[in-house]
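Sequences listed follow chains L and V, in order.
Just so we're aligned: 148 in numbering that gives the first Met the number 0 is position 149 of the first sequence, and the numbers increase by one with no gaps anywhere.
Just so we're aligned: 249 in numbering that gives the first Met the number 0 is position 250 of the second sequence, and the numbers increase by one with no gaps anywhere.
Heads up, some of the hints might be wrong.
FRET-style restraints, in silico, Cβ to Cβ [unchecked claim]:
1. L/Ala243 x V/Ala178: 21 to 31 Å
2. L/Ala150 x V/Asp110: 34 to 44 Å
3. L/Phe94 x V/Ser30: 17 to 27 Å
4. V/Ser55 x L/Leu15: 25 to 35 Å
5. L/His253 x V/Ser55: 32 to 42 Å
6. V/Val33 x L/Ala6: 30 to 40 Å
Pulled from the structure, derived: some chain L residues nowhere near chain V, Cβ distances all over 10 Å [stated by the list, open to error]:
7. Trp61
8. Glu96
9. Gly166
10. His173
11. Leu180
Please keep in mind that the hints were generated in silico from the structure rather than gathered at the bench.
In this text, a Cβ means the ideal position worked out from N, Cα and C, and glycines have one as well.
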Amino acid sequence: MTSVAAAAAGRRQRVLGVVGILGFLLTWELVALSGTVSRTYLPTASTTLLRLGRELTTPGFWAILADTVITWSAGLAIAVVAAVALGTVVGLVPFLERATHSSVEFLRPIPSVAIIPLAVLVAGLSREAALMVVVYAPFWQVFVQVLHGVADVDPVARDTARSYGLGRLHRLRHLVLPTALPYVITGVRLAASIALVLTITAELVIGNPGLGRQIELYRSAPDAPGLYALVLVTGGLGILVNLAARAAERRLLHWHPSVRREAAL
Amino acid sequence: MADTTHEKPSETRSGALLSVRDLGKTYAVGSGEVEAIRSISFDVRAGELVCIVGPSGCGKTTLLKCLSGLLAPTAGSVALDGQTVLAPPKKMAVVFQEYGRSLYPWLSVQDNVGLPLKARGVPRGERDDTVRAALEEVGLGHALTAFPWQLSGGMQQRVAIARAIAYEPEVLVMDEPFAAVDAQTRADLEDLVRRVWQDLGVTVLFVTHDIDESVYLGERVLVLSSSPTVVQEDLSVDLPAERDQISTRALPQFTELRTHVHEQIQRAKRGDRAGLPA
Numbered sequence: 000m001t002s003v004a005a006a007a008a009g010r011r012q013r014v015l016g017v018v019g020i021l022g023f024l025l026t027w028e029l030v031a032l033s034g035t036v037s038r039t040y041l042p043t044a045s046t047t048l049l050r051l052g053r054e055l056t057t058p059g060f061w062a063i064l065a066d067t068v069i070t071w072s073a074g075l076a077i078a079v080v081a082a083v084a085l086g087t088v089v090g091l092v093p094f095l096e097r098a099t100h101s102s103v104e105f106l107r108p109i110p111s112v113a114i115i116p117l118a119v120l121v122a123g124l125s126r127e128a129a130l131m132v133v134v135y136a137p138f139w140q141v142f143v144q145v146l147h148g149v150a151d152v153d154p155v156a157r158d159t160a161r162s163y164g165l166g167r168l169h170r171l172r173h174l175v176l177p178t179a180l181p182y183v184i185t186g187v188r189l190a191a192s193i194a195l196v197l198t199i200t201a202e203l204v205i206g207n208p209g210l211g212r213q214i215e216l217y218r219s220a221p222d223a224p225g226l227y228a229l230v231l232v233t234g235g236l237g238i239l240v241n242l243a244a245r246a247a248e249r250r251l252l253h254w255h256p257s258v259r260r261e262a263a264l
Numbered sequence: 000m001a002d003t004t005h006e007k008p009s010e011t012r013s014g015a016l017l018s019v020r021d022l023g024k025t026y027a028v029g030s031g032e033v034e035a036i037r038s039i040s041f042d043v044r045a046g047e048l049v050c051i052v053g054p055s056g057c058g059k060t061t062l063l064k065c066l067s068g069l070l071a072p073t074a075g076s077v078a079l080d081g082q083t084v085l086a087p088p089k090k091m092a093v094v095f096q097e098y099g100r101s102l103y104p105w106l107s108v109q110d111n112v113g114l115p116l117k118a119r120g121v122p123r124g125e126r127d128d129t130v131r132a133a134l135e136e137v138g139l140g141h142a143l144t145a146f147p148w149q150l151s152g153g154m155q156q157r158v159a160i161a162r163a164i165a166y167e168p169e170v171l172v173m174d175e176p177f178a179a180v181d182a183q184t185r186a187d188l189e190d191l192v193r194r195v196w197q198d199l200g201v202t203v204l205f206v207t208h209d210i211d212e213s214v215y216l217g218e219r220v221l222v223l224s225s226s227p228t229v230v231q232e233d234l235s236v237d238l239p240a241e242r243d244q245i246s247t248r249a250l251p252q253f254t255e256l257r258t259h260v261h262e263q264i265q266r267a268k269r270g271d272r273a274g275l276p277a
């Protein structure tokens, strides 16, 4: 009964979503056709979509998309692995936590974009420079979440582990890390979106291959429909990243109160 | 009927498995101190089922944490099998009141029960057998792959008891394990504890605030005073070994015992410490 109602509600939501997108495209089309804005700066929705379709059939487009996805995923992976490893160590050693606290609070708010010149100075106009930028902000995002997660171990759960003779490694693997996992996943989900923004930004500014650089090339061409088409692609990429993160969350946290479904046995 | 000795011999009685001597715990609170336990001494022989009952806030949980090596006492000592307890002993398993927090929600029922064995290095096949046997003992042989949060409170506490059984302890310590379950479930779980005790020959230390429960379950009841805590009375329970929720509770001895313990608790609450060690 409830699941049927939920399914119906879900359907209605999806229909509304499609209606919303169509409404947006129609408005865009009409505004562009009305000529309020020069066609040079605002191509019609239909022109842009046709152009997008053409892009999707060229191998060059897919190579560019792959560049962006590789930079994004490599940056995110480096950030997450480093943040989980360092965050766990720092979070578990009170001395380290106290010693690093003020440095972390100072470094964390520095915008990743502000370190672009530094990255270029160190690594030149390269993908490595872009990676430094992509890693920076997501690292702190996840690092702080790991610190919170590691500190959130339930006292009863800890007493249980101690009284049943779980050693350090077993406690880490079966108690501390699972406790921290919901925090880590929230951190990764936010970090994934931030990393995408930074990947495109780095490509625009540093000029390493990827969607960002191609957008800049289309701007200077000038090729407005191509530019708009790629902006739509970055939006689509953002949606995919978010969907993937949500799916991973549901899978990894199937046991967590925020995800699990109570089922009487 | 009631063996009302307040003073316990200062040396370990022969055959004592667990020996608590002048145990005291004082917490530092801010610049001051709070004396949770003044001085507790008692012995538990191997194979006994002892209930510890006391008024709320008398330091039962503190006592239990000291017994199980989770908390260091500030005075006195606990010895298990002649060895001073400084860390959680391998021969002891604890069942906590908060089963929902003591079981790990990310592990299935069988993995929860098997985790301590895994940590001890018991090989997979043997571990699976022990886990299955323990879960069957508590009537949950069908719930191996379920997750704890899919089970009712009573069933979750059964899982926690199975985990304790699978650990194969000499002493099973239970901290108000049934305080959070409904009356019917509670009665079933009490009978389960009696059965496990009889089946496995394990020594059981059962902490509770429920007077009826302490008398129904125990072969012996230790009544604690209010804080700062001492042992107010050490009472042996001369009820038949085979107990039944209806007929045992209807016995005149049962009523006498529970009335007696009740009076002791009331006395403890009033802070009447006449005849107790200072």
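Next item on the list: Taking the numbered hints from earlier one at a time, note which ones the structure violates and give those numbers from smallest to largest.
Entry: 1, 2, 4, 6, 9, 10 and 11
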